[in-house]
Each structure stands twice: as C-alpha cells, then as structure tokens.
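Q: The lines below spell out each chain.
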Amino acid sequence: MGKYISWGKYSPDSPKLHDYYWDDELFKLINNTASVLAVGNRRSYGDVCLNTQGTTIVTDHYDRFLQFDPEGGIVECCAGLGLDELNVITVAAGWFVPVTPGTKYVTLGGMVANDVHGKNHHNAGTFGNHILELTLLRSKDGFTTCGPAENPELFAATIGGMGLTGVITRIKLKLKKVTSRQLYVEDIPFSSLDEFNRLTEESDSQWEYTVSWLNGDSFTSDRVGGVFSRAKHVDKNADHLLRDAGLPLHIPFIAPNALLNRPVMKIFNKLYSFMNRQARDSIKEYNSFFYPLDKIENWNILYGKRGFFQYQFVVPLNGGLAVIKEILTIAKKYRHEPYLSVLKTFGTIKSIGLMSFPQPGYTLAMDFPNRGKITLMMLSDFDRIVLAHHGKLYPAKDARMSADTFRRMYPQAEKFKEYIDPCITSDFWRRVNA
Amino acid sequence: MRESAPNVLVIGATSAIAIELLRRYAKDGAQLYLVGRDPVRLRALRDDLVIRGACNVHIGILDIATFTEHQAVIDNAVVTMAKIDITIIAHGTLTVQARAQTDQAYLLREMNVNCLGVISMLSLLANVLEQQKSGTLCAISSVAGDRGRKSNYVYGAAKAGVTVFLQGLRNRLSQSGVQVLTVKPGFVITPMTREFNKTLLWVEPSVVANDIYQAIQRNKDVLYTPWFWRWIMFIIKLIPERIFKKMNL
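Chains as they are written, first to last, in my numbering: chain P, 1 to 434; chain Y, 1001 to 1249.
In case anyone wonders, no lab produced these hints; they're calculated from the structure.
Any given hint could be a false lead.
Keeping only pairs whose Cα atoms sit at most 20 Å apart, straight-line, the calculated SDA-like set for lysine to any residue is [what the hints assert, rightly or not]:
#1 Y/K1027 <-> P/D84
#2 P/K174 <-> P/E150
#3 P/K28 <-> Y/R1041
#4 P/K325 <-> P/P360
#5 Y/K1027 <-> P/F96
#6 Y/K1027 <-> P/R181
If you anchor each label on the Cβ, the simulated ranges turn out as follows [claimed, not checked]:
#7 Y/F1234 <-> P/R262: 47 to 55 Å
#8 Y/G1029 <-> P/E71: 18 to 26 Å
#9 Y/N1056 <-> P/P148: 48 to 56 Å
Derived contacts from chain Y toward chain P, CB cut-off under 10 Å, selection only [as the list claims (entries may be wrong)]:
#10 T1014
#11 A1016
#12 I1019
#13 K1027
#14 D1038
#15 I1189
#16 P1205
On a predicted model such as this, the values are computed, not experimentally measured, just so you know.
Note that CB positions come from ideal geometry on N, CA and C, so glycine has one too.
Throw the hints in and build the complete structure from the sequences for me.
A: In structure tokens form, the structure reads like this:
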C-alpha cells in the first residue's frame, strides 16, 4: 500500500518507522542503531524528514508537556508535542507561540530542526530566536543541553540543523503575550510588485503579520497581482467581535482530486481575486488566520499520486523583485504556473541557526504539481537564477536541488558538519553531499 | 450525569490507551490517580497531565503481579480522592504465543498479569463502588477474548476470563447503579504491537481512548472499538467450531 511519506512525496513503499514514548526507550533505540533520523509529523515537503536507507524514529508519541509557567510565559516540552496541542493550552492562558509556520500540524522538534518562520518574520525573526534551551540525545555524549549561553555553537548548529546534530528531545521556549484569540485582518488587492512593495513598507512597522497571495493567473508581461494580507492580534478579549464566516474560499483548495489541474486553478484564481477585488477587513480566530489550509487535513492528496514540489527561495531585496518576475515568466513559458504562490518580505533580524534559511529579502513559495522531467527542468532553471542573485532554497521544502547548488547556497555546511552526530543522517543530507 | 469533573483511578496509567484517556479527562479538569510500575514515567506523565488541565494528579506505585499490594493501593486511592467516580484497568502485555507454548513459566506469568491481575483489581474495586452505589468500573479486554485462535489463544484466554468476570460483575452491580464497561479493542498501534505489519484495520490509541470516553459517558456495557469489530467478531463467532478449527487464524 502506497502513501505520502513526506508532505510532497508519494511513495509505493512506506518507510520502517519506530516510535517511542519514554526517554529510556529512545536511549535504547539510539544505542542500537547505526543510521537513524528522528522525525516529527513529516510535514516537510521533500526529504529532510526521510531516512529510507536507515531507521526512522517518529517522535509523535513523545509529546509531553514538562513545564508551563502561565505567569512568565515559558513552556518546556518534549520534541514530539504538536503545535496544535501547544496552542490549545497556551492560548487559553493568554500566550501564543512567538513564531508559527502555516500549519499547526507540526511538532516543536520539527520547528526547531527547520528553524521555521512565519508571517511575523519582519518583527520576530525565526522560531530559533525564541528558544531558551534545547536538550539533545547525542550518540556519543548522551543527553546534552544547549542554549544561547550553554554550548552556543551546538545550539546554533541545531537550530535549522535538520535534526542531524542529535535527536532533539526537549525544548524550552519563551511565548508571546496575546490578549485575544482573535486577529484583526486586512486583505488588500494589488496589481503589481511595486504596489506590493509599497504595501510592505507601509505595513511592516505597524502590523505584526504580513503575507501575500500571488494570483498565478496574472503572470502576464510585468503585471503580477495578488492579495496583501496584514494582521494584528485584537487588543482586548472581544470574542463578540467574531465575524469570521469561515468561507470555504478562504482556502485556495476546493477542487476534488481529479479536478486540481490547470483550468481549475485558473478559475479558482479568477474567483479568488474577484472576491478580493476590494480591500476588506475582518476579525478572524487564530486558527483560520494562521492555518487556513489545515481545514482540509490532507490537501496534499489533491495533487494525486505523483505528488508535488514546493519551491521556496529567498533573494536579497536589492534586485529581488526582478528575480521574482523572471522566475514567474519562466513558469509561464513552461506553461507550468504554480498552483499556489505565497510572497513575503523577510526582516533583518538575524537567525541564530547556522543553517537557517531566512535572510533579509523576498521569499516566494510556489507549489507545482509533479509533471516529471519538465518540472525538474524548470526548477533547475530557477536554481540558476536564484544562485546568480545570492539567494537560497529552503531545505524543508526541497526534494531535488543538486549537491553543487546546495554547497553554493550553504557554504557554512562545511562548518556545520563538525556538529553532526555520526549516527544520524537523512535522505536530504545524503543527496546534498553526494 | 456528573455535575463536576470526575475523580479517575487508572491502573496501568502509562499504557498507550491510558495516556490518551487520561489526557481526555485532564482536559475536563478531572482529579486523577495514576497507578503503574515505573515512578519516573509516572512522574513525567503527571507533569504533563497537570499542564493539560487536571486539577490534581496522584501517583501509586504497583507491580500488578504483586497481588498482596492491590488492596493497599486501592485504599490509598480511596482515602486520597474520597470518592472514585471512574476506574479504568488498562495494564497488559501482549503475549508472544509461540513462547507461551513452550515456556510454562512465561505462560503463567502472562496469565497472572493479563487475567488474574485484572480480576483481582476488579474484584476489590467492585466492592468499593458497590458500597458507594455509584461510579464506573471499566477494564480493557480484547476482541481476542471472543474466540480462541491458534495465533493468540493464551492472550485471548486471559482476556476471555476478564470479559466473563466483567459480565458477572455487571449483573451484580446493576442493582447498585454502578456502570461496568467491557472494552474490546481491535488492532491498536501501541508499543505492545510495534512489531506487527499494519493494515487498514489498525488505529491510533487516541481513537480507542475517545471511544472509551464516550462509552463511559453514555453508560454503555460493552464497547467494541473501532465499531466495526462488533461485526467482524459477530461473524467470527458464528462460524461452527467444526469449520473454525481447520481455519488459519
């Protein structure tokens, strides 16, 4: 029986998985295994969360809270704890994760390993910026703690270290105070990237969260349209303000399996931009603002058995918009427009992680159905452009970049290797070191 | 129906199904009494349950095979919580059939834990609830106890003993207003079943825990979980022994 083995990848064989509940069980697993990788919910798109030639340890039952201080907003938990469960507990106490990715179905360990970013990167940096302490199980040293002051090099290598520096077991995190479970959201249509830029500049100092949806149907000549969303937590607890109707069209995925194709996406894009032809504001519950796609639990299956690629890159601000235009033009030429594209301007807060993806500039994430060779060819074309402009790709999303591309995008990988646990590896790591 | 959050006693608290069930009760703000063998695991579980909303979590250490200590553990729980609303017996081991056929000591040890250990607890707890004239007595049996098969009849026999014992208790305690719930899970993905090849019939412990939680609320007698096992076992029980004995099950 085949199934999705990571978020974008379908495989006829399922990997052999081991799970564990307790520290002593993990200890035994690590000591009896030569090539292992600990993985969370496998929401990474490519192969950073796979170890098909070795042993995969699933952490999703290692999901206990260890400590929570509802006054100080500090939480400590086991790495397999789901962000969805963390949110339920902390939001009730008036706290929220300082940085959240676009799905809540990730584990805290996965968030560390990929040093995730969110819609508030411009004022909060990445997830790693808010971690107080980590505990790892390393094959040689046993349980090892690290943090900004203790073992800072190991700490930096582990944040965004793709789980390679040891099995992440515990995470201590500083949360962010929120006064409501709701957000005030403005959606503003734009019809060019310059307009997008103006909206970003105008919004980034005032709005905690900003992100844009690009209309894949609008990639003609130099016109790139979309919808700019900005949001902030509602000031005081005002649940009666709730106006969020939860329209299904908030999710750019409504089509059943057989229908998720080019014509359907064109219609969808038209509809979505039509719905957003005028600026509008709304109050949204945090789940529908941060995790709209989670409403469809397995939206990845809409792409069928061949799966899909997500291509996410970052390029510096200077000349960045031209790069985006160039890439969108190439996609148009291939008649292979992305089904979903999300654009965001990263801020200047430096990531702690040695291998972290975010850097100041524009980041664009695009979903492409896997059409085999033609898709790979196009993405390699993208790589050349991104490289030429000092940009890089996000390993958590990648399933195909070459070893050479990786080396040039992440020259710090050489230094990173010093911190890798010799017992740990992944399909991604084997691939980019081939 | 209870007005406030219940007092819950769980024997075998660190088992996969028990953990999920305990989290469900923690969410309701219940007072919990965890009984298990390993103090380190129990303390870790307690910390987690408190953060998840449990109002009070107590720990009792017990090796289920030490029958002489059963009464003391129950007495402690009764004294600590004053009243026991729900008690769940969730401990168990999955017997390796082949080994049990050749290793008599192992066979008896397994029967001790999976059958006698459960029955002893049930019997002592039944007296408490009978006197209280309220509460729920729930034990996790198995579909394996519905019919003996060559692949797991040692485990099945232990569970069959539990099932019949519960039947009798239910009959006895119905006068006292005590619910007796027999839980018969099918295939559950737990550390106990790590080595098995999983098919579509396998479910996560959270699914089973959710079913148990609802069955307790709805005052059910027998729960097959997931639901389709009621029908699978119905058919399996219908097969005449003359044919069944030749089948490869």
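Q: Work down the list of hints and note, for each, if the structure agrees.
A: Here's how the hints hold up against the structure:
1. Y/K1027 <-> P/D84: holds (14 Å)
2. P/K174 <-> P/E150: holds (17 Å)
3. P/K28 <-> Y/R1041: holds (16 Å)
4. P/K325 <-> P/P360: Distance ~18 Å between P/K325 and P/P360 Cα, so the pair holds.
5. Y/K1027 <-> P/F96: holds (19 Å)
6. Y/K1027 <-> P/R181: holds (19 Å)
7. Y/F1234 <-> P/R262: 47 to 55 Å: holds (49 Å)
8. Y/G1029 <-> P/E71: 18 to 26 Å: At roughly 20 Å between Cβ atoms, P/E71 and Y/G1029 fall inside 18 to 26 Å, so the hint holds.
9. Y/N1056 <-> P/P148: 48 to 56 Å: The hinted range 48 to 56 Å is violated for Y/N1056 and P/P148, with Cβ atoms some 36 Å apart.
10. T1014: holds (8 Å)
11. A1016: holds (7 Å)
12. I1019: Holds, about 8 Å.
13. K1027: holds (9 Å)
14. D1038: With a closest approach of 8 Å, the Y/D1038 hint holds.
15. I1189: Holds, about 8 Å.
16. P1205: Status holds, d = 9 Å.
In summary, the structure is inconsistent with hint 9 from the numbered list given earlier, while agreeing with all the others.
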